[in-house]
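One-letter residues, chain by chain:
2 protein chains.
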Amino acid sequence: MTRTKTDLFTPEETRLAELAKALAHPARIAILKMLAAKNACICGEIVDELPLAQATVSQHLKELKNVGLIKGEIDGPKVCYCLNDDGIKELHSLWAALESTVIAKCC
Amino acid sequence: MTRTKTDLFTPEETRLAELAKALAHPARIAILKMLAAKNACICGEIVDELPLAQATVSQHLKELKNVGLIKGEIDGPKVCYCLNDDGIKELHSLWAALESTVIAKCC
DNA sequence: TATTTTAATCGTAAAACTACGATAAACGAT
DNA sequence: ATCGTTTATCGTAGTTTTACGATTAAAATA
Chain A
1387 MTRTKTDLFT PEETRLAELA KALAHPARIA ILKMLAAKNA CICGEIVDEL PLAQATVSQH
1447 LKELKNVGLI KGEIDGPKVC YCLNDDGIKE LHSLWAALES TVIAKCC
Chain B
1387 MTRTKTDLFT PEETRLAELA KALAHPARIA ILKMLAAKNA CICGEIVDEL PLAQATVSQH
1447 LKELKNVGLI KGEIDGPKVC YCLNDDGIKE LHSLWAALES TVIAKCC
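Sequence lines, in order, name chains A and B.
Just remember that our numbering sits 1386 ahead of the position in the first sequence, which is counted from 1.
Just remember that our numbering sits 1386 ahead of the position in the second sequence, which is counted from 1.
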């Protein structure tokens, strides 16, 4: 059957898992770092800096965009990507909520 | 070919991605929350609280253990799970490093 | 208008993930 | 020694992820 049953977890758990999944690949973390460092990058720059084919990078960018962590703006034939403040903040607060309960609690 | 090329990213990117992947499922986030709340849980309690089969929960526990976020201690026929402070701290610092560069930087 | 550049999408293949029933292994209790 | 309890592992099926070449679409340029 393999159904996900996401409805059986809280919205916070489901959403944080979704955001975590977006971070679950080193290329996507590298992209976020690039966008943070340069504030905004055209797609081509990102492709040039990653050891992956253009199609693959485009796929990773789409995932980050779909989950709300980055935005892409068409600029002529190029596309300028930047961080999406709303998504970053959401990730920040969801993770902070979990972390505060989890840090410094071990047996 | 589908090789991962993880060697072409920094160790920090690779490790954070690995830890993020462990958080990339609501059940595993729920497990971490349970362990934080109760400090330690026997496996059976976790199985009872999650809407998943015992075998599936065992698989999720294994993933969290493999990545270093939890520990399991055999206690007779039962197994007592708890958070692994080292892994939690590592996640904390890796995420903090990325977040500090990423927060409040948008176009 | 034809050409070039840029980036998304399509098609596809291999691997990993998710889920579960069935089974096995380990231990306590009878 | 046998039985019941607990949890890991095995086997397996369906889905998703990752990766890439090839193609398409859109815009600038010649």
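Incorrect hints may appear among the rest.
Where chains are identical, the list cannot tell them apart; a pair therefore holds if satisfied intra-copy or between any two copies.
Keeping only pairs whose Cα atoms sit at most 27 Å apart, straight-line, the calculated DSS-like set for lysine-lysine is [claimed, not checked]:
| # | residue 1 | residue 2 |
| --- | --- | --- |
| 1 | Lys-1407 | Lys-1451 |
| 2 | Lys-1419 | Lys-1407 |
| 3 | Lys-1424 | Lys-1448 |
| 4 | Lys-1464 | Lys-1451 |
| 5 | Lys-1457 | Lys-1475 |
| 6 | Lys-1424 | Lys-1464 |
| 7 | Lys-1448 | Lys-1475 |
No lab work stands behind these hints, which were simulated from the structure alone.
Checklist entry - In ascending order, which of the hints set out earlier in this document are inconsistent with the structure? => result none
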